[in-house]
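Here is how the chains run, residue by residue.
Number of protein chains: 2
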Amino acid sequence: MQFSKFGQKFTAQTGILQLMADLGEALNSEQPMLMLGGGAPAQIPQVQQTLRQRMYDILRDESRFDRIIGAYGPPEGDLDFRKALAEMLRKQYGWALGPENVALTNGSQTAFFYLFNMFGGETADGGFRRILLPLTPEYIGYADAGIAEDLFISARPAIEYIDDVLYKYHVDFNQLRVGDDVGAICVSRPTNPTGNVLTDEEVSHLAQIAHERDIPFIIDGAYGTPFPSIIFTEAEPIWDDHIVLLLSLSKLGLPGARTGIVIANETIIKAITSMNAIASLAPGNIGAGIALDMAREGEIISLGRDVVRPFYLRKARQALAWFAESMGDTPYRIHNPEGAFFLWVWFPGLPTGSAELYKRLKARGVVIVPGHYFYPGLKDDWTHRHECIRVSYAQEDGIVEAGIRIIAEEARRAFA
Amino acid sequence: MQFSKFGQKFTAQTGILQLMADLGEALNSEQPMLMLGGGAPAQIPQVQQTLRQRMYDILRDESRFDRIIGAYGPPEGDLDFRKALAEMLRKQYGWALGPENVALTNGSQTAFFYLFNMFGGETADGGFRRILLPLTPEYIGYADAGIAEDLFISARPAIEYIDDVLYKYHVDFNQLRVGDDVGAICVSRPTNPTGNVLTDEEVSHLAQIAHERDIPFIIDGAYGTPFPSIIFTEAEPIWDDHIVLLLSLSKLGLPGARTGIVIANETIIKAITSMNAIASLAPGNIGAGIALDMAREGEIISLGRDVVRPFYLRKARQALAWFAESMGDTPYRIHNPEGAFFLWVWFPGLPTGSAELYKRLKARGVVIVPGHYFYPGLKDDWTHRHECIRVSYAQEDGIVEAGIRIIAEEARRAFA
Numbered sequence: 001m002q003f004s005k006f007g008q009k010f011t012a013q014t015g016i017l018q019l020m021a022d023l024g025e026a027l028n029s030e031q032p033m034l035m036l037g038g039g040a041p042a043q044i045p046q047v048q049q050t051l052r053q054r055m056y057d058i059l060r061d062e063s064r065f066d067r068i069i070g071a072y073g074p075p076e077g078d079l080d081f082r083k084a085l086a087e088m089l090r091k092q093y094g095w096a097l098g099p100e101n102v103a104l105t106n107g108s109q110t111a112f113f114y115l116f117n118m119f120g121g122e123t124a125d126g127g128f129r130r131i132l133l134p135l136t137p138e139y140i141g142y143a144d145a146g147i148a149e150d151l152f153i154s155a156r157p158a159i160e161y162i163d164d165v166l167y168k169y170h171v172d173f174n175q176l177r178v179g180d181d182v183g184a185i186c187v188s189r190p191t192n193p194t195g196n197v198l199t200d201e202e203v204s205h206l207a208q209i210a211h212e213r214d215i216p217f218i219i220d221g222a223y224g225t226p227f228p229s230i231i232f233t234e235a236e237p238i239w240d241d242h243i244v245l246l247l248s249l250s251k252l253g254l255p256g257a258r259t260g261i262v263i264a265n266e267t268i269i270k271a272i273t274s275m276n277a278i279a280s281l282a283p284g285n286i287g288a289g290i291a292l293d294m295a296r297e298g299e300i301i302s303l304g305r306d307v308v309r310p311f312y313l314r315k316a317r318q319a320l321a322w323f324a325e326s327m328g329d330t331p332y333r334i335h336n337p338e339g340a341f342f343l344w345v346w347f348p349g350l351p352t353g354s355a356e357l358y359k360r361l362k363a364r365g366v367v368i369v370p371g372h373y374f375y376p377g378l379k380d381d382w383t384h385r386h387e388c389i390r391v392s393y394a395q396e397d398g399i400v401e402a403g404i405r406i407i408a409e410e411a412r413r414a415f416a
Numbered sequence: 417m418q419f420s421k422f423g424q425k426f427t428a429q430t431g432i433l434q435l436m437a438d439l440g441e442a443l444n445s446e447q448p449m450l451m452l453g454g455g456a457p458a459q460i461p462q463v464q465q466t467l468r469q470r471m472y473d474i475l476r477d478e479s480r481f482d483r484i485i486g487a488y489g490p491p492e493g494d495l496d497f498r499k500a501l502a503e504m505l506r507k508q509y510g511w512a513l514g515p516e517n518v519a520l521t522n523g524s525q526t527a528f529f530y531l532f533n534m535f536g537g538e539t540a541d542g543g544f545r546r547i548l549l550p551l552t553p554e555y556i557g558y559a560d561a562g563i564a565e566d567l568f569i570s571a572r573p574a575i576e577y578i579d580d581v582l583y584k585y586h587v588d589f590n591q592l593r594v595g596d597d598v599g600a601i602c603v604s605r606p607t608n609p610t611g612n613v614l615t616d617e618e619v620s621h622l623a624q625i626a627h628e629r630d631i632p633f634i635i636d637g638a639y640g641t642p643f644p645s646i647i648f649t650e651a652e653p654i655w656d657d658h659i660v661l662l663l664s665l666s667k668l669g670l671p672g673a674r675t676g677i678v679i680a681n682e683t684i685i686k687a688i689t690s691m692n693a694i695a696s697l698a699p700g701n702i703g704a705g706i707a708l709d710m711a712r713e714g715e716i717i718s719l720g721r722d723v724v725r726p727f728y729l730r731k732a733r734q735a736l737a738w739f740a741e742s743m744g745d746t747p748y749r750i751h752n753p754e755g756a757f758f759l760w761v762w763f764p765g766l767p768t769g770s771a772e773l774y775k776r777l778k779a780r781g782v783v784i785v786p787g788h789y790f791y792p793g794l795k796d797d798w799t800h801r802h803e804c805i806r807v808s809y810a811q812e813d814g815i816v817e818a819g820i821r822i823i824a825e826e827a828r829r830a831f832a
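Protein chains in written order, with this note's numbering: chain A, 1 to 416; chain B, 417 to 832.
Since the hints were made in silico from the structure, they are not lab data. Any given hint might turn out to be false.
[Said to hold, decoys possible] With a straight-line Cα cutoff of 35 angstroms, these simulated DSBU-like cross-link-like pairs (lysine-lysine) come out:
| hint | chain 1 | residue 1 | chain 2 | residue 2 |
| --- | --- | --- | --- | --- |
| 1 | B | K775 | B | K507 |
| 2 | A | K83 | B | K795 |
| 3 | B | K421 | A | K379 |
| 4 | B | K499 | A | K9 |
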């Protein structure tokens, strides 16, 4: 059987697919693994209790359950939920939007697949446009999403040293070139993998560039504001007619429901709607069904702010403390954990490289994600790329602590 | 903002997107509409009761609910459900398959989007391959799914006249040309929109061609065997290593959960898995979660066979009878309803064409789908294309009966 170019591209054993297969195998291995590798959210009892209760509420109203489970929604997603979200955002932030500015997708990854290919790739006039990632490290999941080859261009960050351990990446506006071939700008905020939260100034500056160029500025808020609010610094949510804000119910505890939310101007929402119609008929109803009353009652915000954020903030501090206890005099730095639920650990001068460290850790039963995958579009072979790893601290404390102690041991061995 | 070619193609107001927007508007209009247009399944009390009970069972086992809703599944879909399905199919039909032959997608439409573009479009050696639909009318939802232009080629059917009203389409093997540019063959069985069920001989013949050419033969079983079994004739399910069987939980009552099921050889399953990983991280868990025990206990089969099929069979016969009562001497024929839940009504010599009849019916408060959209890839302007409409009989009897009486009136006017 012969695949098309599209088929070949998406089945080629790219580094990332290999890594995912490898992580999957590690999960299914007989050896019990300390899983600090994935993007799975924590099991937070109060969150789980809330979601179960919402599902009971739906079941008790039989016709409501029947409608959610037994009917196709419209291709733009459930109207009631889109209305409730738009109203909440209008009230909370004064953004001029209605349900026509909101579309749902089967997870926000699907929205990225649509958006990157809508604004990147060949144009009708024979040109080629790329997606600019103004700051790497950036999310691994973007890297393979282009139907066209070579869809991303990206830049190294500027580095601010905060203290002996902590540091922070910034967009290096002095070096940033936004060529005419840029079709859209994209950042995750907080950044997956680093836990960086772009400052309000950085975001305004990028928004201004997008305005001047009349291109969309895509902000991946999967961990961010206004929900699930896994942000430990001050960060203003921002939206205007050139900003595409992507939200998700996954990190609020609903990854199994696959509910991505796109907030954008009407032209983009119509495009997402068309793509949904063609590529999946309609997004699923269940995530929106569970979250409808939560959006109407404000719990979609308060659950993040009052339960999810404090939960991860405590775990971030705890994980930092375990690193401080374990590392001894092995050289290491950690990106200031400003959000999400990862520590981005940098071993300056790491002799083995992050790929080898990943292998050695896996052999010791600890799964992390090696850092060199998080530079989609970056052409130069910067040493820093091979000196970092992403460590999730979402798991139970015992697992995280045991994992960090083994990471410290293997890092020491690597430098020995 | 400038779209790429991909963006332009998928947002162009193709006939089908316009039709969908129009159907959506009709649904939201202030005038109450008799909705005989969509593909929504009926509300069948016994089915709804079963699905509610399954969800209660999940909720009562708290950790099970938490796992389904609160964790990402693997990109190929939930292992337990894939195992249960493979085992059921192996036992029932003797097919040599395991969980490695099963992948889940967010609805089967998503699987079609993947498959059509994996096997159709430009190839690495500069060639171009198309998807062959050997019998039109064929499903409207395929038409826009190609990233490449002009992805489909298709053929007129042979027509068998059964009696004064009923007729049946057959694959016209005498005329069927399967060129070297064919990358895959695809049929829906039962056919949406006609309710046709390809005979076992036709299916074997197509499977043989696919084998000889070493291309996949994609069978869309969304309404078919082994579930939900909305088939009123004898039809053997068929699978081998060149057949891609697509199933769905939608017509079993779960369209809101978006659960498509692909049964195929391992190479194709791996390709679907990669596409899922890249375009959506993972399929949703909830449909598979609800249906897991149903698959283990055989209810996924028995619910279709004993509840869903008899329900629609009765409604098909009733709808035929209402047409017979209403049409008087207006010329009409109906495709023998062998499955699915549509009547494909042919008005031979219809002076106005199906597009105009659609408009007039909408003005009378009856929504159907005009037939000319169901010929993806057919180049010649066959008169028959403009003489048919698709009428769903899934709605409540009162709605279907009232709709059919108005259809009869408008058909009479059209011929007057």
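For each hint given before, does the structure comply? Return the numbers of the non-compliant ones in rising order.
Numbers 1 and 2, in rising order.
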